[in-house]
Each structure stands twice: as structure tokens, then as C-alpha cells.
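Chains P and Y are the protein sequences, given in the same order.
Quick note: the first sequence uses the working numbering, first residue 132, plus one each step.
Quick note: the second sequence uses the working numbering, first residue 12, plus one each step.
Quick caveat, the hints were computed from the structure, so don't treat them as lab data.
No false leads were mixed into what you were given.
Straight-line alpha carbon distances no greater than 27 Å define the calculated DSS-like cross-link-like pairs of lysine-lysine that follow:
id: 1; chain 1: Y; residue 1: K43; chain 2: P; residue 2: K822
id: 2; chain 1: Y; residue 1: K26; chain 2: P; residue 2: K413
id: 3; chain 1: P; residue 1: K1020; chain 2: Y; residue 2: K58
id: 4; chain 1: Y; residue 1: K91; chain 2: P; residue 2: K413
Cβ pair distances, simulated, as ranges:
id: 5; chain 1: Y; residue 1: R61; chain 2: P; residue 2: N865; range: 21 to 31 Å
id: 6; chain 1: P; residue 1: D807; chain 2: Y; residue 2: D33; range: 21 to 31 Å
id: 7; chain 1: Y; residue 1: F53; chain 2: P; residue 2: E953; range: 39 to 49 Å
id: 8; chain 1: P; residue 1: I703; chain 2: Y; residue 2: G21; range: 49 to 59 Å
id: 9; chain 1: P; residue 1: E970; chain 2: Y; residue 2: F53; range: 53 to 63 Å
id: 10; chain 1: Y; residue 1: G21; chain 2: P; residue 2: N865; range: 19 to 29 Å
id: 11; chain 1: Y; residue 1: L22; chain 2: P; residue 2: E597; range: 29 to 39 Å
id: 12; chain 1: P; residue 1: E880; chain 2: Y; residue 2: G32; range: 19 to 29 Å
id: 13; chain 1: Y; residue 1: L22; chain 2: P; residue 2: I703; range: 43 to 53 Å
id: 14; chain 1: P; residue 1: R835; chain 2: Y; residue 2: R61; range: 24 to 34 Å
id: 15; chain 1: P; residue 1: I703; chain 2: Y; residue 2: G32; range: 46 to 56 Å
From the three backbone atoms N, C-alpha and C, an ideal C-beta is built for every residue, glycine too.
If you want the building blocks of each chain, they are given just below.
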Amino acid sequence: MRQSHRLNNIGLINRDKVITFNFNGKSYQGYEGDTLASALLANGVHLVGRSFKYHRPRGFIGAGVDEPNAKLQVTINGHSEPNINATEIELVDGLSATSQNCWPSVEFDIGAINNFLKRFFPAGFYYKTFMWPKSFWYKVYEPFIRKAAGLGVASLEKDKERYEHKFEYCDLLVTGSGPSGLASAYAAAKNGAKVILAEDKPRYGGTLLTDDVSIDNMSGKDWSEKIISELKTMPNVTLKNRSQVFGYYDHNMMVMFERVGDHLSNKSKYTPRQRLWYIRAKETILSTGSIERPIVFGNNDTPGVVLSSAAKEYMKVYGVLVGRKPIIFTNNDSAYETAFEFKKNNVEPIILDTREEHDSEVVQEAKNKGIQIKFSYGVIVANGYKKVKSAKIGKLTKDKKSLESTETINCDCICVSGFWTPTVHLASQSGNKLKFDEKIDAFIPDKSKQNEKTIGAANGSFTLQETIESAFKTGSELSSKITDKNNENKIPTVTETKYSVHDKFWCMPLPKNGNPKRFVDFQNDVAVSDIEIALREGYRSIEHVKRYTTLGMATDQGRTSNLNGLQMVSNIENKIVPEVGHTTFRPPFTPITIGTIVGREVGMEFMPTRKTPMHDWHEKNNAVFVDAGAWKRPRYYKQGNETLLEASKREAKNVRENVGICDVTTLGKIDIKGPDAAEFLNRVYTNAWLKLPVGKARYGVMLREDGMIMDDGTTTRISENHYHMTTTTAQAANVLSHLEYYLQIVWPELNVNVVSTTEQWAGAAIAGPKSRDMLSKLFPDLDVSNEALPFMGYIESNLFGVPARIFRISFSGELAYEVNVESNYGLFMWEKMMEIGQEFNNQPYGTEALSTLRIEMGHVAGPELDGRTIPQDVSLDGLVSKKKDFIGKNSLGKEAFTLENRQKIVGLVPTDRKSSIPEGSHLVENEKAKLPNPKLGHVSSSCWSVENNNPFSLAIVNDGKNMIGKKLFAVSPLKNTSIEVEIISSHYVDPEGKRVRS
Amino acid sequence: MLHINCPFCGLRAQKEFAYGGDATVKRPEINKEVSKEEWDNFVYMRKSPRGKHIELWHHISGCRQWFKVQRDTATHEIFKTAKMSEEIV
Ligand SMILES: [Zn+2]
Chain P
132 MRQSHRLNNI GLINRDKVIT FNFNGKSYQG YEGDTLASAL LANGVHLVGR SFKYHRPRGF
192 IGAGVDEPNA KLQVTINGHS EPNINATEIE LVDGLSATSQ NCWPSVEFDI GAINNFLKRF
252 FPAGFYYKTF MWPKSFWYKV YEPFIRKAAG LGVASLEKDK ERYEHKFEYC DLLVTGSGPS
312 GLASAYAAAK NGAKVILAED KPRYGGTLLT DDVSIDNMSG KDWSEKIISE LKTMPNVTLK
372 NRSQVFGYYD HNMMVMFERV GDHLSNKSKY TPRQRLWYIR AKETILSTGS IERPIVFGNN
432 DTPGVVLSSA AKEYMKVYGV LVGRKPIIFT NNDSAYETAF EFKKNNVEPI ILDTREEHDS
492 EVVQEAKNKG IQIKFSYGVI VANGYKKVKS AKIGKLTKDK KSLESTETIN CDCICVSGFW
552 TPTVHLASQS GNKLKFDEKI DAFIPDKSKQ NEKTIGAANG SFTLQETIES AFKTGSELSS
612 KITDKNNENK IPTVTETKYS VHDKFWCMPL PKNGNPKRFV DFQNDVAVSD IEIALREGYR
672 SIEHVKRYTT LGMATDQGRT SNLNGLQMVS NIENKIVPEV GHTTFRPPFT PITIGTIVGR
732 EVGMEFMPTR KTPMHDWHEK NNAVFVDAGA WKRPRYYKQG NETLLEASKR EAKNVRENVG
792 ICDVTTLGKI DIKGPDAAEF LNRVYTNAWL KLPVGKARYG VMLREDGMIM DDGTTTRISE
852 NHYHMTTTTA QAANVLSHLE YYLQIVWPEL NVNVVSTTEQ WAGAAIAGPK SRDMLSKLFP
912 DLDVSNEALP FMGYIESNLF GVPARIFRIS FSGELAYEVN VESNYGLFMW EKMMEIGQEF
972 NNQPYGTEAL STLRIEMGHV AGPELDGRTI PQDVSLDGLV SKKKDFIGKN SLGKEAFTLE
1032 NRQKIVGLVP TDRKSSIPEG SHLVENEKAK LPNPKLGHVS SSCWSVENNN PFSLAIVNDG
1092 KNMIGKKLFA VSPLKNTSIE VEIISSHYVD PEGKRVRS
Chain Y
12 MLHINCPFCG LRAQKEFAYG GDATVKRPEI NKEVSKEEWD NFVYMRKSPR GKHIELWHHI
72 SGCRQWFKVQ RDTATHEIFK TAKMSEEIV
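Using the sequences and the hints, build the whole thing.
Structure below.
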């Protein structure tokens, strides 16, 4: 198929490789090295989408990151993504793209009726119209807006692509490889600095690829290729194309988005699609260049209206003509180069220059080339709906506020140039307050805030000579600060056209008849009239105008619209632009994919998985796992078709009747050593610790300074100055930090050391009336009688040759032990227990049975120790010493903490003895009371009591002490249940605690 | 992301650290009478200055040491870091 607008002998594309692609159901061809935009333009396709609010036909305006319109739904290798900038995505085989924001098609879009109803869609439309009536919002307005204003569709499929994160440190990061970036990176590299040079586009060189200049008697393109090839040989330089530095964060941290595999049609399985770089640079050079801004005129959004620099780039880089009958509409010299390029390719342009009869080097050259120039002229209205067909042009009066005469001329594209806006986003993100430069009427960076230096066009320097000189100097100075080397650079000689002064003109007056829309922000459909309305309605701050009109709030961050919007406000307000100020620039500079942000941290890699040494055994024995922090713990061991409830009942019952073993490796373990260890524990826990003998364990509760319980657990005195502390699985890390805080900051005089030993020990609990018999078989040489190893006793022994620690402690309320061995022997211990336990009907039990056992015993755990309970609340006040001081003690005397009717833990049974009570249910007196129904407490833990064969729960209730015997309702709006419950003691089984001591 | 100079390990990424609040707060001495006001001030009352702030950080994924950082809360500039035994003036 013929590419109707492709030029024959110009461009940097690879004509040997034809690429076939699909756009809106039609097949087209382009070349390797094309972007989707250049390939479509090569086929004469301008109409690519419909605008956001009015659904007006839209085409390409830019050729890169500046493009506000051409956001397409793009599918590559079956993966579909919305809002892809057609000017940035490279053409690959099999690429398929569709227009967004149009229905049923981009050619015929029903939403375009909005355009004819546009008087109903002015600024603030959404605020005003959809505020009333309020009840309409969810049902009527929101669904309507969503359907009509969709910007593409996110794929509902799982993203199969691979994304990566990379962390990098360097001496100098250079963002942008135009003339300033290349020269500064080169100078720094020559000084031996570790340099990263990032270029957003596939080709290095920036404007050197399109500007008619020469450096050291080479073309800009040849010079940039020479520098790049030299940089490539230097080991201290990392060159990254297709890489956009999009965020400048604290302490000179830059984040860069690299498109690694998007342009590869056959990428290997392990090549990531995209990569996110976190770069900590000692120094940063912002060589981000500038973006051409349009001049505002009637229907300036018609397809075929493009930036003059983009038209030139399409010709010089891609060999593509945006039109064959171009108008060049400009207020400055730079657009003349576009006219020259057209002329070179045998296309006859006409130049409309808003300046009065003007003389400069380029004007002379244009005249010499026989190009028609009309001074004091501009385009008033572009004619044509889906494509520019002609233009109404006019001669400006002297004050440029009205028109002297108008006429209509034929054209098929309008290449517009309203001068250049430095790309200051990164500088602004770094904290740099920008300043307004009158000379170029745009903002440039002010004093550096972090270690950043802005050079070249980004700093408002628009001559190559000046840019190259300052770039060599800056690159050399910044690097020699770091490397102490000072390589002499020969500054190259530059030949360039000298530009004359531009016209500070940005918006064409309206014609006498007709009121065409003049767009300022293309992506968000904000026209001059919208800004006028906002100001008329009293919005003054530029930040308010921005939010009311949505000017500059789209994904292009107002790259082409910001300054025109500011000019507009300043004109109407009769203020100068610096007084109006500018809105805040925030990262990301360009949209990036969610996949890159997430990187490899998805699915199982979302966080580390901690497995106990017995994990494989659990897995082989049908354990169903539950996440406990990062740990995987067996929740129950499934037999046959058992449900969770059936299995946990069986396991818990077996503990009450025979014996069971439970993997308790995940409990936090902290080794505490030092002569002051006892004193330290005495301060950390609420109970007394000074007299705990060696070989004994004790249960302890620790508080925060505000009196709330932080954690509980047992601590054992291993030897005179050596303790073994256990914490709950969930709080292990916090408790260690807490202990370190007091030892390092509050009481550094205490001679104590703490270290986590959680991973060093594997633990198994043996619980049930037959546990002693089983223990004696596990340790045949050991006296495990009640006298030799009483409740809370501790013995060291060996398990068939493996050193073991035996603690007689119990969480289940049964006679129970806990055995610890070195982690490596964990599986050995477990298998021995399973083997020897057979004759006692031993069964492994999971966390569900473990919970059942502790709940019916009334033992508190995480759900009760939720950071909002003090010891009295959970009936642990017996453990609070009155004699000694400890962390949080002073808070316990607070009035609210000593109230007679304070909340307290109780037990609950449903009056029907059948209905399970959902955890989290609220307790109320009257289930039918009007809302808000006063809440008297909440259900913290629920189980099926295997001892009594009915549901049982723990709850924290106001005035709990005096509530025993009363009836309340446990209501759960989430589960839609309301259950009548009877309040009883929290100790449902063995309230005297006889079993643990038996 | 901040870049924090641990007095024991050197410059490390913020990811490795946990924030620990105002470093100038002094816990009332243990085993001594303390007035209600003094205790409540210690537990609850914190200044939230805009500007220089001496605060605690904990190198949890490193040497496990608590130390002091003098940071500007508005700009995140870090002026100094010091061991607990050292003063920041
Ligand atoms: Zn450290």
C-alpha cells in the first residue's frame, strides 16, 4: 500500500523494514523507526480521536511528549492499554490501535452533539450542573459522565508482562540528550565522573536532529552521533534512550521510566517490558529543552493544525509531510526553518508573521527562496471539520487587538509557532522557585534548590553557541568537584542562523461574525471563553482558575497550554504574568504504567514469605495455610471433605481428649543477656521479675507509655544473666524495636543486650492430657514428672541427640509443653513427635483449633490486645504490680482508666446455643432501636466450644463486670445478622486453671 | 525518598529506617514521683514545628541503632545526624 505522504529521500527511518499495523480496523504500513503518529501521518491520517468534553475531531499537534490529543487504545501481543501517546510509541509488528472517547466511531461520534450544545458545557459545568439534585449524582450523572467521557479502557486481564525496578547511584545524571545534554555529559565523562545520560526518545540528539546548524563543520546530527559513539566506549558512562526522568524527589533522588521492550516485536521471556530506575545522583543537569507553544485562534483544534517544530520533525526524522499546502503561522523566526524544509521538499509554503514588516537573517533567506510572507498577518479561523481545508486569515491592526481585513485561502495544514517554553517541570519538582524571564516571556529556573543545574533551552538559552559553551563549562565544573580532575575541553565552533526578536503575541482576535472556539488546553477542552467565565465568576488565583476550568490538569500537564492560559489571565486581569504566578508542577512529568510502579512486587513476590522448617511436612499433610504477617501457618489439616469448622473441631477436641502438636515456630523470640537483664524486664513488664529463679518461666504483659497493652508472652530465665523472651507472632518486630528504644535511649546505663532469635529456633507445642506421657517417650532419660518439671518449669535436654529446650507452658489451657530445637532440626523434631505420638492418638492442630482452645479458656490474644485495652479491661490486673514502677504505669492512674463501669472482657453464648456470632459484631441492648443505636461493646473472638458443643465468644463490654447474666444482641450489619446473646464469664472452661498444673 | 546518614553505617536509603518521633522528649525518671502534668506532657504533648526538628530514627534494616537526625520538616533537608550519646546543638 502506498504511503501517500511519505517523502523519498529524507528521514532516519529504516525503509528496508516495512511494518504492518492496524488503526481503527484498517490496515496500514509504516517503517521501522516510525512512531505510530508518523506512520499514520505518512498515510495521510490526521483524525485520531475526539476531544474530551465536546467530542470534537482531533489530530496530531506535536511529535513527542508535548502531544495533547493523540491518546490511543493500543494493543500489542494481546495486551491492551489505554491513553498511549501515539507520538511516543514506536511502531512494531502487530500493533493495533483504536481511537478513544468516541462512539460508535471516530468518524461519526454521537457525543459530538456536545459540540453543538457547547453553550451548556462552559467552565464549571460539572460543578454547577451536577451539584443538584444531590440524589442524582450516583444514579444519573456519574454513570452518564463516565460513559461519555471515557479516556480509553483499562484491560481487565492480568498483566502478563514483566516489570523491573533498578536502584542506581551516579555522580552526574543528565536528563535529555540535546546539544546541552550531550556537551555536559561529554565534559563530565572526560573528567572521569560516573555519568548517566537519559534520553526520552529512541534517538539521541534532540533538536540537533532537526535544526539546521553545524558544529565543528559537521551537521548537528553527525556531531551528536560522534559524541554518542565516543560516550559509548567509556566505562564510566551509562547511556539510556527511551528513558524519561519523570520525577525529582528529595535528596537528589530521580525516578526514570525506561521502555525496555515496548519496541521489540520478539522480546525474550525475561526481557522486561519497562523498568523503573531510582537514581541517586550527586549532581543533576537538567537539559530538558523547550516545547513550542501554539498561537490561539478560532477552531485551532482542527486536525491539520500542528506545531511548526513538529511539522519539521515529521519531515526530517520520519520523512513525512503533514500537508502539501501549508500555512506557516508564526510570531518568531524559528518557524521559518519549517518553511525552508517544506520548500526543500518541493512544497510551497506561505508564511503569516504577526510581526510588522520585519527584517532578519531568516526573513532575508525566505525572500531569497521566493517564499511568500505576509507580515502583520495571522490565521483567524481554521475551516474544515475533520481536516483543515482552508483558513480565514486576516491583517492585524497596529495594536493587534482587531482586524483590518480578512480573506480566505486554501490550505491543508497550519503549522503554528507561538515561541518556546522551557521545560522546567523537573527543576520545579526539585523545589526550585521559578522566575519569569521577560525576554522570552516564559518561566525559567531560579536559584538551585537541590544539586540541580538547568542549562540550554530549558534555562531559556535559545542559541546553540551559548548552549554548547555553558554546557561544556557546567559539565566540567560539576564533575571536577567530584573527581578532582580537570580535563581541558576544546569548545567546538558553531555555525547557526541568528534569530531576531519574537513578537509577544499569543491569541488572535475573533472575526466580526462568528464565535469559533479558541482552544487553550486541547486535552481538557478548555477554551478562551471558559477562562473568561472563570474570571467573570470571581476566580482570581491561578490555582483556582486551573481547578474551575481544568486548564492544564490533563495528563499532558499543560505542556502546550500553561503559558497561553497565564497570558490570558494576566491580560484580562491587567496584571503581568509573574504576578499571576504559575501552578505547581508535580511528578510524573509523563504518565507511567502502574505495572512499572509495582515492578516485581506482585503475587507471591508482593512481600517475602516466611516458612517454618516444618512447612513442607505441613504441605504434604494437607495443611490449609493462613497468612500471619509474612508467615505461612497451617490453619487446619484437612481430612477428606472436612470443612474448616469440622477440621478445627476435630483437632481441638483431640487436644482436650488426647494430645496434639502445633507448630509454634512463628512466635517472636528475643534473647536477652546482661547483668541488668532482670532489672530491665522488671521495668518492661507490669509484674515483678527480680525474683524469678533460673529454670523458670513467667507470663508477662508489657504496656506502652499510654497504659495500653502492647504485647504479652512468657519469658524464661535460662541462666543467671540470660533470658529467653517470647512475643506474639504479630508484634515480634515492634517489641524488639521497643526494647532497643529503652536500652539505647532511655536507660543506656543498663548493661543488657537484646537480639532476635525467632529464626534460630523451631518450636512445637505438645498439648493435651496425654502430653506428659508423650514427652516422656520423646525424652526417655528425663524425669518429666510434675515435681521435676512443674507448670512454668524449664529444662534443657536432648531429643535423640539434638539439644532441646523444654518449657512447661500452655496456651490451650491443657497440660502442655513447648519444645524448641535449632531450626535445622525442626523437621526432625516434628517427625519424631508424629511417630512417637501415634500411640497417644496425637494429631497436629492448626491456628483455628489453637484459637478455639484459647478462646474457650478465656485467654486473651491479638483481637483483645488491640492497642485499646489496659490490663484491667482484659482481666489481667492481677499481673500489675502496685509496688514497682514500669513502662506505662503512671498512665494507669488516669481517671478514665479507673472508672467503676469501665469496659471489660466477658464471655458470650447465643441464647439458642446454635448461632455462631460473627467477630466484630456490635453489642446493643435493643436490636430494633433507631439508629444510631448505642453500642455497648464488641465481639472480639468467636469459636465453637468443643468442650460444651455450642458457640462461644469473647467480647469487650462497657461495665462488663456488672453485665454477667444480662442478655444483649450481637448485631453485624456486614453479615446481616442479629443474635441474642447471654453474657457469662470469659473463662468458659476450667476456670480454676487446674489442667495446666495437673 | 530521603538519604539518611546513619552514624554507624553511612548514607543509606530511607527504606532502611523507621521514624521515631521527637528526640528532645525526655522520659520522666523511673521509680520517681512525677506530676500528672509532667507525665501527660511526656506521653501526649508534641510540638510539630515547621523547620528544624531533632528527631529519632531507627536503622531497622541495618545496624538496629537508634540515633538523632536534625531535619527541616518543610524541605526535608538534613543538617546533621548523631549517635544518641552525642548532642546536636
Ligand atoms: Zn546503621
